[in-house]
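Novice: Produce the complete structure using the sequences and hints provided.
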Amino acid sequence: MNIPIKTWRFHGGVHPADGKALSNTVPAQRAPLLERYTVAIQQNIGAPPKPVVAKGDTVKKGQLIAEPGGFVSAPVHAPTSGTVGDIVEVPGANGGAIPAIEIISDGKDEWGSGLDPIPNWKNTDREILKKRIADAGIVGMGGAAFPTHVKLSPPPEKVIDTLILNGAECEPYLTADHRLMLERTEAVLEGAAIAAKILRVDRVFLGIEENKPDAIAALNEKAGQYGVTVVPLHVRYPQGGEKQLIYALTGRSVATGGLPMDVGCVVQNVGSCAAICDAVVEGHPLIERYTTVTGTPVANPGTWILRLGTTVEQALTFAGGVKARAAKVIMGGPMMGFAQTSLGVTVTKNSSGILLLQWQETAEYTSNPCIRCGRCVRACPMKLLPGPVSVMVESENYDEAEKNYVMDCMECGVCTYVCPAKRPLVQHFRRAKAEINAKRRAAKAKQA
Amino acid sequence: MSEEIEKNNVALPEPGSLVLSTSPHVQDGDSISKIMAKVLICLLPAIAASIWFFRFDAVRILVYCASFCIFAEYGWTLATRQQPTVGDCSALVTGVILALNLPPGAPWWLCLVGSIFAIVIVKELFGGLGQNPFNPAAAARVALLVGFAGPMTQWAAPATGELISGATPLGAIQAAKGSADAIAQLGCHDNLMKLFLGNVGGSIGETSALAILIGGLGLMCFRLIKWQIPLAMLATIFAFSGIVHLAAPGLTPNPLYHILSGGVMIGAFFMATDMVTSPMTPLGALVFGAIIGILTCVIRIWGAYPEGVSFSIVIANALVPLIDRMCYIRPFGWHSHSVSALNIRRGEIK
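Line by line, the protein sequences are chains A and B. Per the working numbering, the first sequence starts with residue 1, numbered consecutively. Per the working numbering, the second sequence starts with residue 1001, numbered consecutively.
You can take every hint at face value.
No farther apart than 27 Å at their CA atoms in a straight line, the calculated lysine-lysine pairs in the DSS-like style are these:
id, chain 1, residue 1, chain 2, residue 2
1, A, K50, A, K131
2, B, K1034, A, K422
3, B, K1038, A, K422
4, A, K383, B, K1034
Which chain A residues stay away from chain B? Per the calculated CB distances, all over 12 Å, these:
id, residue
5, K60
6, G70
7, T83
8, I87
9, Y226
Simulated from the structure, these hints should not be mistaken for lab results. Heads up, the beta-carbon is just placed ideally off N, CA and C, and yes, glycines get one too.
Specialist: Structure representation (structure tokens):
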């Protein structure tokens, strides 16, 4: 649809060196079948799922291997057909070790999910569609991993009038959503239409940054048939941040501490939409995703369709390994991703990218004094005062930091990116938030 | 590539050589010394104008002040056993701005006292870069004016170098006060043109409004300063002096004369905008600029000193924490019923 839509510009933000040229013109490649997959059990926010298979069981591709542990939970399915191995520990992306179910492939890769396709979803009851999304284990694939069926079940007092699809992909280097929108355009749009039917909304916006003209063109061709309006947005990190995206497309500000449904919006990543389409129309649960494997040290950077349970080591092997020394291996993007010390970390439902950085590209923080230049204040999308608050945190004055809204910091990293004194601002705020939360818990425990 | 391991004929990173730290993992390449270098580039027009009008005196004062400031900072960090900080070039910038504020007749010891006062007393004793409440160059100029009024008012006619005390554009106001005709004559077009180009007496760097304007525009293009400060300061001076001039034509010349004379231009673009000593919020910057503007006019029109910019800047610096508190910005999405506001109101956070 080509009706010009009014957009708003959020405060601040920054445009780092893109890095997307390394991988945005390479078509996505399907990874070859591996002998062994270690599928992490908890790949969602909320209750951990419970394994329902034992060592030695034969499973088919897409079969349930862990059932939800509660309403806010998501099941996990086998990425290929084969035998169940042990329950092992794999490194978690956030540090520590997490349990994973080993699936040993039999080479046949046969489907057997037990979920029937629903091609006629337009005339199917909403609750059936919602249950299908829950059974398929779909979570927010942009990074949050919040169970999608919960997001599509807002409480009745929250009136939803807008569905927003997040195709911004504002992090540098990441191109997975870009390639997905270009190569699986109809799947993304159909999934969006299914979500719109469940929410009973007419207004569906797909926010996408202007640096993806080919994807915008591909989407514009088909968007009208599915009732979606494609809205190109200003290229600025963090355009894809939920609150910033809602503001850019609707002009509504989500209250601090509030949720998108408070302003009548639900936001879904485009990857989650494609997964919804696969689950409903094909009967395929979520077992693989588009992931960018990129960075200047990588021999052949590009986008890969990786099954859950693939290790970073295997993914890097597909991409030809490294041709230069890598100082960091990051799960995610350079602004909010997690650095890793083990190549045994596995691809999970929210692994949008595997990024390698060389030493000279990596930030090094010193704690020079804050010169009050004000760049962080200009850049903060939440309109906070990062410089002065970091000085408060350095002197361990957490009460003053709390009064200056440090708890509203969304840790996007823009302030730290622009600071000329190379102060570790976001790191200070994480510490302050941890201390304040600990204090609040202690106060609550004392009251109880 | 010794930090890689071979597996399946493909080189992979050696896990033991990977760096573990939290996001963000990239940074833009700017640094404090790069910012200072850009400020110096924007000062070049004013430096060039000072040398053009005051010849060797300007060179002498610039060299003295810059060197004394750098040595003062280096000596202080050495004496207090800290890491040397002169590498961030802030002492150099302070030295240059201080030099531009001195009269052409300033003797070497005036430069020395001023530099030591600016660097050691105003900056280092408060904790060094980023911790000083007062603008070092402005505070040093004030201290020198109060302590050594004679040498600080050894003006010279530009290009001829004859020393004349008191014959500056602001000094001329005192002489013409009381007579509306004499004041109007001061503010005539020829005089304004001389003021704009800098062909008048005054401190070596403040005479040429044109040179400072070019530098100031450079500062704004490089996004080095908060543009609200010079805007508010110049607009306030214009409005305030304009109103007084219309009400009492014998008291003070027209507003353009005020803006183009004395330390207003250099104060507006290079001194009031000093990052460390100015507010961090846009509204705060406007208020700050306005306060300086009002105080400058009050001192110039009714005060004992002919020039009020440096005094006003120093007084406004003292008000910055209060201005920041009163003009703070609410976070994005703050509503009176939002969680953070509720917590503060409920008294969970005092």
